[in-house]
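Novice: One letter stands for each residue in the lines below.
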Amino acid sequence: MKITDAAVFPYPYGDTSLRRLALEAKSLGFDSLIAMDTPTGSFDGMEIFSGIHVQDAPMRDVIARVNRAKDSGTVVSVAARDNGFNRAAISLRGVHILRGIQTADKNAFDHVTAKMAADNNVAIDLDLSLLIAARGVVRQRTIHRYRDILTFERRFEFPVTLSSYARSYLDLRAVREITGFCSFIGMDISGVEKALDAVGRIMASPVSSVRVVS
Amino acid sequence: MSPRPPTLRENRRYILVRVEPAGTTIDQKELYYTISDAVTSLWGDTVAGMITQAVVAAENGHVIIRCLRGTERELAIALSTVTACRDIRLALRIVAASGTIESLRERIRAEKPVTAPDSERVTGSTGAGSAEPGECDFAEKSFLIMYCNGQKVDVIEKGFKNAHRLFLTRSDLENS
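Residue numbers (the working numbering), protein chains in the order written: chain A, 1 to 214; chain B, 1001 to 1176.
Be a bit skeptical, because a hint or two may be false.
Sample of chain B residues with no beta-carbon within 12 Å of chain A, all distances over it, derived [claimed, not checked]: (1) M1001; (2) T1025; (3) I1026; (4) M1050; (5) A1058; (6) R1066; (7) I1101; (8) G1134; (9) G1150; (10) G1159; (11) H1164; (12) R1170; (13) S1176.
Taking lysine to aspartate or glutamate pairs in the DMTMM-like style, the calculated list, with each CA pair at most 20 Å apart, reads [to be verified]: (14) A:K194 x A:E47; (15) A:K26 x B:E1111; (16) B:K1152 x B:E1111; (17) A:K106 x A:D71; (18) B:K1152 x A:E193; (19) A:K106 x A:D56; (20) B:K1152 x A:D31; (21) A:K26 x A:D148; (22) A:K106 x A:D148; (23) B:K1029 x B:E1010; (24) A:K26 x B:E1020; (25) B:K1152 x A:E47.
What follows is a list of derived Cβ distance ranges for each label pair [as the list claims (entries may be wrong)]: (26) B:E1174 x A:V212: 50 to 58 Å; (27) A:D197 x B:R1004: 45 to 53 Å; (28) A:M59 x B:G1023: 46 to 54 Å; (29) B:Y1033 x A:R87: 41 to 49 Å; (30) A:S183 x B:T1040: 15 to 23 Å; (31) B:G1070 x A:R135: 20 to 28 Å; (32) A:G136 x B:D1027: 18 to 26 Å; (33) B:A1096 x A:S183: 19 to 27 Å; (34) A:S27 x B:R1004: 36 to 44 Å; (35) B:Y1033 x A:T103: 43 to 51 Å; (36) B:G1099 x A:N107: 47 to 55 Å; (37) A:R211 x B:E1140: 53 to 61 Å; (38) B:T1040 x A:A57: 36 to 44 Å; (39) A:A57 x B:E1106: 53 to 61 Å.
For the record, the hints were derived by calculation from the structure and aren't laboratory data.
Predicted model only: the values in this text are computed from it and were never measured.
All residues carry an ideal CB built from backbone N, CA and C; glycine is no exception.
The whole structure should be built from the sequences, with the hints applied where relevant.
Specialist: Structural data, given as structure tokens:
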């Protein structure tokens, strides 16, 4: 099992270099990271996946960027918007993660989108920074939204990833602490382990829906 | 008021927390209010009243926090939601929990000490851009080294206008 933080933003986006983030993440119990706009690599036993995050772009541009990154080993994530956009993004081959579902409108993620995510092996990302840093209504809404998403997850079994969105190593949290936060949204330890291990599964080559027998 | 006999006292536990980044000056009272806010915001007044958290000691970049026995998990989760103390960004990393303060003090003594910048020279590209120890270059800018601990190097940009702290490693400085 590979424990992965599904989104970190090293220098120049944040104040911590990629190597330092890797070093600190390792001490907090992680095995790998998805670092945005950095090359794939390995530091001190920590595996770094290259990631791109497509947001605020029309569908045409999203398709172009996804096609450019396809089969390059880059983890492609798309920011969620309205329901139609989310369904289109999920059905695109090469998209791995749909992010920011908590900021999208209320009906942006329904049972049909959940089924599509499960069929296409696209993960839905849960942003832990909102549970950590937000206070009051924002945190309450996030908890409610995540609980709602996890209801669909239990029914349709699409992958879920957990991200710290760390721009500094101070934003990283230990795996044990993440387990504590996830208990608010109805995720037990096995659920957290599964979510932290989801990146490996979504990056694996998709299983063909048709099997040639002979 | 006479002290309660031991059997009638509340059982308490103490949590040892490391304050990051290294070298952060902590005001014990301010940290108490920050933790109190975090606990109340996360768990509400009812649970906060049960946890009865208190900052017992702050020494060598570590803090000892007291809570009621059985509420360590709640306090630990609340501690990880602390992101700043009076506009100073920090993170509280839980090191250990114990029933006595003394055993936690032993843990503090056992922790590897953080070295001051002058006592340990950072090598690499520092040679090109830094005539004095405690200076380095990164991303074509000059930085002052604030703390070194093994591979970890904390730097701050030279010049009083931009006091932004960067968290790097020795390899970053060698490869830049």
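Novice: Hint by hint, which ones does the structure fall short of?
Specialist: Per hint list: 9, 11, 12, 13, 17, 18, 21, 23, 35 violated.
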